[in-house]
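Student: The task is simple: from the sequences and hints, build the whole structure.
These are the residues of each chain, in order.
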Amino acid sequence: MLKKIIRTQEFIVFLILVALSLVVGIINPAFFSISTLFDTLRASIVYFIMSFGVLPLMIAGGVDISFVAIAAMTSYTTHMFLLKLGYEGGTLLYFLIAGAMGLLAGLLMGFLVTRFNLPVFNVSLALYTMWYGFNLFFIGATANFDLPKGTVGYYARFLITAQDPYVGQTGLHVSIIYAVVIGLFVWWMLKYTIIGRGLFAIGGNKEVAIRSGFNVNFIWMVAFALMGVLSAIAGVTQGFLSRYFNPVLFITQPLDVLAAIILGGASITGGRGTVIGTTLGVLLIQIINRALILTGIPVQWQKLVVGIILVVFTSIPAIRAQRARRFRRTTEAA
Amino acid sequence: MTQGTNEKSTAPVHRKPLAGAFRRVRVSSETIQLLVLAVILFVFFSIIVEKFLTVRSITSMGFQMPELGVLTLAMMISIYTGGINLSVNATSNLAAVLAGFFMVKFIPKDAAGAVVTLYLAVAFLIAIAVGWLCGMVNGLLIGYVGVPPILATLATMTLFTGISTGLTGGATVTGFPTQLSVIGAQTILGIPIPFLIFVGFTILTYILLDRTSFGFKARLLGSNPVAAEFSGIDNRAILMGAYMYSGILSAVTGLLIMGRTMSAAYEYGTTTYVLLTILICVLANVNPGMGRVIDVFIAVVILQILSTGFQMALSGVRGSTFFKDFAWGILLILVFVANYFIRGRRAQSS
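Listed in order, the protein sequences are those of chains Y and E. Note that this note's numbering has the first sequence beginning at 1, numbered continuously upward. Note that this note's numbering has the second sequence beginning at 1001, numbered continuously upward.
Just so you know, these hints were derived from the structure itself, not from any lab. Treat the hints with caution; some may be incorrect.
[Stated by the list, open to error] One-sided excerpt, in silico: chain Y residues whose CB lies under 8 Å from chain E:
1) ILE12
2) GLY133
3) ALA141
4) ALA143
5) LYS303
What you are looking at is a predicted structure, and each value in this text was computed from that prediction instead of being measured. Here a beta-carbon is modelled for each residue, glycine too, at the ideal position from N, C-alpha and C.
Tutor: Here it is as structure tokens:
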């Protein structure tokens, strides 16, 4: 059993994570502090939520870019709308409205993909462009810092607080609960529901899934709807955490999220992927970003270091796959 | 990706075969569709915007198009071989930055015109070499190590941008000889030179893909890598060649941008620019093993018409470029849906 775990991509990512943390910690012991842990988690929350929404799609074989646009569109539109109404209440209404918009956006995408048999990637590129254009042209082109009175202070609502030798008071933000609950839900869905297993079936071999009786269209719709809702939740959460709403939120980041998910063991062609792997992948990317600052590498060279790390880290699973192939019998499909 | 066995899909539109050297050239229905779309849009904007159909406006479009156009050709060849190249923009900037460094460091201040031109030529060669090397890195990762193209090029995109950022320290490189603007801002017989360069590379790419054994093998590789491998095609070498060519085209784009802006920086373009080239390829029906260079050319023209058209139509309204994005997204979806109905609901694999 242990042997099986060790062989997985997820375990390797875990090892890399640990190794990287150790190396950085040795270079700069400030890394081994509660504030690093809490800050890294805080920065990861929205990426966790978004990637849990994209993971089911990727497992089913669909590569999606538009989730960032849905996050930006739903959060910014909800905010500007409530602002116009003079809303002074708390965060719940934001989540409800944005979530509903996200649901509709996801269903729209699902409709286009299933009704017209279009490749997910192509539709997602079109929608990515469309939603950001919609946001910027029809809603507004500037970031907005006027948060309703009822939400002020949300950004500092901590679950646990602690004293840290370097920064003083620090805390783990409440919204980590959302990420944990959503992660558990997606894990449960993937493992214990027909829809979840259906996603793996579609990703493995769509024709076989259809002939096995899976309602493929319905499963896609559910996955897209989920992606829409989770992206909206992530967008709103980011707005409150950073205390401003941005029409071009996450616009440069869909590929980074996809990279995190794939590094965490999901296959880009579908049929494979886990919540724990995705979590590790996101953490890895976050820690790489954080580690660079702490190791004192000059700002202008940081990107290069990230690039080298990415090249190495993406090569590892590829080389593993090659070695596995070499030991397979020639009668198996390539 | 398997195609349906429906005969209708691959058969060319029936027309009288042309004589002589053009005998083998058949215009496909998809190309016609794109041409029609381009014409419709052109007419639409000519009517709506009074200054659209002027020499000045068309010439300006001719200056703006080539950068995106050559970059899209770079993207096209990667998609054609079954992959994708997210690092095209980063390669273009890196090539420009290194060529820029050379020019700034080595061109003597008071050199004569001819000498300067010589230095320029060397700088161009440096840029092409950089593009070629970047392509080689991609080819190694994708072809020989076996990293999925989207991941490999995402990594190399960061890597190349990182090199540019590190070397420039974030600053823009300037101080180029004025002769450089020839490729960016001058015309021959009223036709912008960058546009001629774009057309030239379009023809070159067409010849490469349609009339060489490399192109033939690339098409086979894109359609079915496993079958290609077992047919004796060296997949890894073809992939290497494809990404090298992609890198060279990216470098040319970098030179074009440098010619227009008279500067080089690590940050020109950005992810959205790369996604734009992918969108254009999608519009042009470029898929692994499928796709025509002429379709890509027309698709670039379509985007340029839309871009300039909306900019001029909405010149009073703020954010006209944003509306263009919105419209572009919707247009694409309309084209997808239209294709679905035109092809007679032929099942397309995702």
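Student: Y:LYS303 was flagged as interface toward chain E. Is the shortest Cβ-Cβ separation under 8 Å?
Tutor: holds (4 Å)
Student: Does the nearest C-beta of chain E fall within a distance shorter than 8 Å of the C-beta of Y:ALA141?
Tutor: holds (5 Å)
Student: Y:ILE12 was flagged as interface toward chain E. Is the shortest Cβ-Cβ separation under 8 Å?
Tutor: violated (15 Å)
Student: Hold the hint about Y:GLY133 up to the distance rule: shortest CB distance to chain E must be less than 8 Å.
Tutor: Nearest chain E Cβ about 3 Å off; hint holds.
Student: Double-check Y:ALA143 for me: the hint is only fine if its C-beta lies closer than 8 Å to a C-beta in chain E.
Tutor: Constraint on Y:ALA143 not satisfied, violated at 15 Å.
The structure does not agree with the numbered hints 1 and 4 stated previously, though it agrees with the rest.
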